[in-house]
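Listed here are the chains, written in short residue letters.
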Amino acid sequence: MFGRGKKIEQSLTRTRRSFFGRISKLLGQDELDNEVWQELEELLIQADVGVATTIDLVQTVRDQAQSQGLEKAALVEEAVRQELLGMLGPGSTRPTYTQNGLWVILVVGVNGSGKTTSIAKLARYHQQQGRNVLLAAADTFRAAAVEQLKIWGQRLGADVVAHQPGADPAAVVYDAIQAGQARGADTLIVDTAGRLHTKYNLMQELAKIYRVIKKQIPEAPQETLLVLDATMGQNALSQARTFKEAVDVNGIFLAKLDGTAKGGIVFAIAAELGIPIRYVGTGEGLDDAAEFDVQEFVAGLFEESSHPTA
Amino acid sequence: MFEALTDKLQGTFEKLARKGRLTEDDVDEGLREVRIALLEADVNYKVVKDFVSRVRERALGAEVMRSLTPAQQVVNIVNEELIALLGKPSKMDLSGQPPHAVMLVGLQGSGKTTTAAKLALHLRKQGQRPLLVAADVRRPAAVEQLEILGKQMDLAVHGEGTSVPPPEICANALRRAKEAAYSVVIMDTQGRLHVDDQLMAELEQIKTRVSPAEILLVADAMTGQDAVTVAQEFHGRVGLTGLILTKMDGDARGGAALSMRSVTGVPIKFLGVGEKTGDLEDFHPDRLASRILGMGDVLTLIERAEEVFDHEHALKMEEKLRTATFTLEDFLDQLQQVKKMGPMSQVLDMIPGLSSLAAQIPQEITDQQLVKIEAMINSMTRAERQSPRIIGGSRKRRITRGSGTTVQELNQLLSQFRQIQKMMKQMSKGRIPDVLSMFR
Ligand SMILES: Nc1nc2c(ncn2[C@@H]2O[C@H](COP(=O)(O)OP(=O)(O)O)[C@@H](O)[C@H]2O)c(=O)[nH]1
Ligand SMILES: [Mg+2]
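Chains A and B are the protein sequences, given in the same order.
Each residue of the first sequence is one higher than the one before, starting from 1 at the first, in my numbering.
Each residue of the second sequence is one higher than the one before, starting from 1 at the first, in my numbering.
Note that these hints are calculated values from the structure, not bench results.
Even glycine gets a Cβ: it sits at the ideal position worked out from N, Cα and C.
Footprint (simulated), chain B over chain A, 3 or more residues, beta carbon under 8 Å: (1) 37-46; (2) 189-198; (3) 227-235.
With a Cα cut of at most 35 Å, we get these calculated DSBU-like pairs of lysine-lysine: (4) B:Lys46 / B:Lys207; (5) B:Lys49 / A:Lys72; (6) B:Lys207 / A:Lys150; (7) A:Lys72 / B:Lys46; (8) B:Lys276 / A:Lys215; (9) B:Lys276 / A:Lys208; (10) B:Lys178 / B:Lys276; (11) A:Lys244 / B:Lys276.
Work out the full structure: start from the sequences and follow the hints.
Encoded structure:
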């Protein structure tokens, strides 16, 4: 866990209390009436789980309750938990980082989702494991994006490979890989310009960056992370789909989980697209992040369930 | 998934109509579709609940129950109510004594800095003298970002580095504006969470120091259910005067606008539609309503086309779209224009839900195809061009001989043309066309 986990624990607990705590309370009720199902539906939708996913999930659990003769609301809890767990999949195991050779992380996402900040957190995480981290400033488009990454680089004591504003991002990445290999760096994290997934040309540009990486190191990028803002609603699913098509995203970094939004869209993303959630961001500081733990996350949803009065 | 609401409702009501008269339950079943459409668009659960019950009340009135087209009636009511709830477009209020302070506030990453620059440019076009203020001292390089944008557009930027407290910076900027006769002072504040008490208090301090004419919440069009909480908190703490919805150039349906508008009651003032500094648009409730309902955005499409087509052309196209009158002459003209407009995929980006299909569209109509089409249309009589229905076997032979093409090629053209006509009709009804089939 990054940053000794303090702040993360706190913010995740808050998530549980507000959202999952309510479900727990609800399911702690004795009678399984219509209201329980409606409330469950409301809670899931308000957490951005999405109307289709929610309706499916509630229906599945309702059918189970009927066929298995579950009468008490409390018994349904396990069923809901299993469904949610099932959607998130087995969870990703922590990757085994290469001992020699460059581990490349390509970070992508829409404008303002939290890419650059999350990169700084990831860099810290790798540094904590004794790895030598290099950053690539391939957002050559947004004003002062390079400066932003350089400031993080200074704070981290990590080198940043950068070109002039407006330069070809693929060329930056090419140079960064060369530099990383020459200097014997362990991890290279590539910052890219934010782009809406609907912009065809910009997605092509991203695909080109991906190809440039692959061409130099066939097994790279070992991680292609899509940074999603937990405040986002249903659009995140179409973002994930399109980014996955373009650059084969293999992990989600769910940023801004320190607010009141729940990021429930990740259930649909994991279930439909098979992309595991890898990290969560819980603040603006270097230590405000954690590895996403499927078991813990879903178990956390029901933490207060056996004590509905608590 | 992206079927227009009208289609879904049509299906529901057709099923019901077979039973004869519509009952209250039938209307409820139809309203279920409305509810789902709004939830899919990220309108907040509670806002949807209120909205649907209002629509229900009206729908149970005689107008729907007795109508021969109940689906259309319900859609009309939904649309009317949506437009009403979204409110009228509203200009910035700069009526008092200049300099007018304008505060941009919002969550992290919502687009405040870019919007500040866009707004300054917009106001300068209206004859104002804007001063931008770099009051985000926390996010690394936020000050530099605004300074670069200012330099690019030759706009004045007031910055004091990152060690002066933001309320101080804003107050100093206002003083400077008075001395140097700037008329509007646009303050780019740092992103903050609505639950961050300390940072929310800082906003209150800025407000006290600069007595702003406008406090605008800048929010991302992709925001989900939490939009209500965010808007409520910001409104409660500082009293918003307007909303700006950013990143509307994506395919988010933008239901958050409805949520935020309905909990705060403040008007939507602008929409951000791109990363460039000119990409700021006025808000049109009718367009946003149809976007939220997933009905595509014919009008924005036309406006976009206007940038490429010359103005007269665009007006003509709009007229044609509306009335669905469209001749082969227009068709040729359109093809030539569309070629100029760039890849079809960009045009499709404008239609929510179709952008994912955009990649599958051939990038352009080939020149060769165009030459043939041109030749065929030129070999037609005026009457034929205007009503291609009259083109029978003997006319076909004459046209193909005149243009050096085959009957097969002519048939293909005529069928493409019919497709387009159909598409125009659908678009004018606000339905999403099957554009893909057009170029097969
Ligand atoms: N509260 C909070 N803010 C974040 C988090 N991650 C990023 N941010 C903020 O979101 C804003 C945009 O982040 P940035 O990294 O520049 O986004 P990018 O445009 O995707 O690179 C900045 O103000 C960050 O400080 C997070 O986990 N929590
Ligand atoms: Mg960035």
